Amino acid sequence: MELVVEDLAVARGGVPVLEGVSLRLTGGHALVLRGPNGIGKTTLLRTLAGLQPPLSGRVSLDREEMAYAAHADGIKAMLSVEENLRFWAELHGLRDIARALEAFRLGDLAGRLAGSLSAGQKRRLGLARLIVTGRRVWVLDEPTVSLDREAVGWFGAAVRGHLAGGGMAVIATHIDLGIEAEVLELAPFRAVRRAVADDFDEAFL
Amino acid sequence: MRALLLRDLRLAVRAGGGFGLGLAFFLIVVVLVPFGVGPETALLTRIAPGILWLGALLACLLSLDRILALDWEDGSLDLIATAPLPLEAAVSVKALAHWLTTGLPLVAAAPVLGLLLNLPGPGYLWLVLSLAIGTPALSVIGTFGAALTVGLKRGGLLMSLLVLPLYVPTLIFGAEVARRGAEGMDPVTPLLMLGGLTCGTIALLPFASAAVLRVNLR
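So the protein lines, in turn, are chains A and B.
Take the first sequence: its position 183, counting from 1, is numbered 183 in my numbering, and each next residue is one higher.
Take the second sequence: its position 11, counting from 1, is numbered 11 in my numbering, and each next residue is one higher.
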């Protein structure tokens, strides 16, 4: 399996931010996206995950192959850790959550309400969700925010395990995760044209 | 789909879930009406079907902004949108969960409140029947309104303005069924219209809700 992105152009709020992005990723490999704030990392990742359409260009894999994780973890405060994970597993047609609990050392917290977790623990729960989706391509936006050094290590191990199973990962991050990964610098792809061919008028709202 | 339904039901009955909020509001509105219009039983009997329907409608409106806004705030909506479940199915399930936690309790409570408004004997069956058939449409239309305003700061008021006009046909035919039933007239024609409205909204609106949600999630 291969992820091929050809000549992709993406826009944020109607303004083109990146254009001409091409990349190729094969099974078992990871790609790290780098670039200054506002360059369009999040927008590119949301486009890959199928949450917004590209302005132009092509993504070879279907959105059904992508597991997306961003700044918000989608955790329900009034459900326990286990209930949160089980929900995401069942939504993706899977049952087994033991491996995800183990990978992020959440076993002892399984019965706790997610609302009572610390920020780092919530993040771990949000990342554990990736494992229970059973998807081949992980699309991660700053996954290590609020994780301590040890938890970053667990996360690195989880990504390596995912890659060893033939999976892929596209990660926007500024820190070293201890993963063998190609690095794609996004600055050269900054969009130059400013005019937008989009007549959608949002001003009224 | 079952997982999403169970989760929404579970969240609704846990602390802060808002289960019973609509029901309590319905109760209070209906109890306040006799204070407002006076204890004249003949007048209450006449306005009872309309008041009960209006109360149920407003109670339904009260909890609409919870359907999608909470999931949007914590990022769940993005993740549900990337799940294998089609967004059309997801909004349908969410509307169903809203109906089970809001509409169904209203239907069950209506006969008791009918007593408070001196609703005549034959009216109870038709009141319950009209609410049971009409409230699913309120939930589905409300989900559409919630999808339109998801992501807007304090979108609740705008949503009410958008949704209330869409509730008018359901209110007209629903209250008409209850009124005719209470007065011993034949309620079949408005009942069929009400059923048609509900079937139509259930069949069509989830597609519209999913479409606007896709635009709003961009």
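Calculated from the structure, these hints are not laboratory results.
Note that the structure is a prediction, hence the values are computed from the model and not measured.
Beta carbons are placed, not taken as given, at the ideal position from N, Cα and C, and that holds for glycine.
One thing to keep in mind: the hints can contain errors.
Chain A regions said to be covered by chain B (calculated; three or more residues, Cβ under 8 Å) [what the hints assert, rightly or not]:
| id | region |
| --- | --- |
| 1 | 21 to 34 |
| 2 | 50 to 59 |
Calculated Cβ distances over 12 Å to all of chain B for the following chain A residues [to be verified]:
| id | residue |
| --- | --- |
| 3 | Ala-69 |
| 4 | Ala-70 |
| 5 | Ala-72 |
| 6 | Thr-173 |
| 7 | Arg-190 |
Margin query: Cut-off 8 Å, C-beta pairs, minimum 3 residues; does the coverage of the region 50 to 59 of chain A by chain B stand?
Written below: holds (count 4)
Next item on the list: Please settle this one: Ala-72(A) was flagged as non-interface, so is its CB more than 12 Å from every CB on chain B?
Entry: violated, 2 Å
Notebook entry, point to check: Does Ala-70(A) really sit off the interface, with its C-beta more than 12 Å from all C-beta atoms of chain B?
Noted result: About 6 Å separates Ala-70(A) from the closest Cβ of chain B, which leaves it inside 12 Å; violated.
Notebook entry, point to check: Thr-173(A) clear of chain B by more than 12 Å, beta carbon to beta carbon?
Noted result: holds, 18 Å
Next item on the list: Please count how many residues of the region 21 to 34 of chain A have a CB within 8 Å of a CB from chain B and say whether that reaches 3.
Entry: violated (count 0)
Item checked: Closest CB of chain B to the CB of Arg-190(A) still more than 12 Å away -> holds, 20 Å
Next item on the list: Could you let me know if the closest chain B CB is still more than 12 Å away from the CB of Ala-69(A)?
Entry: Check fails; 8 Å does not lie beyond 12 Å.
The structure does not agree with the numbered hints 1, 3, 4, 5 stated previously, though it agrees with the rest.
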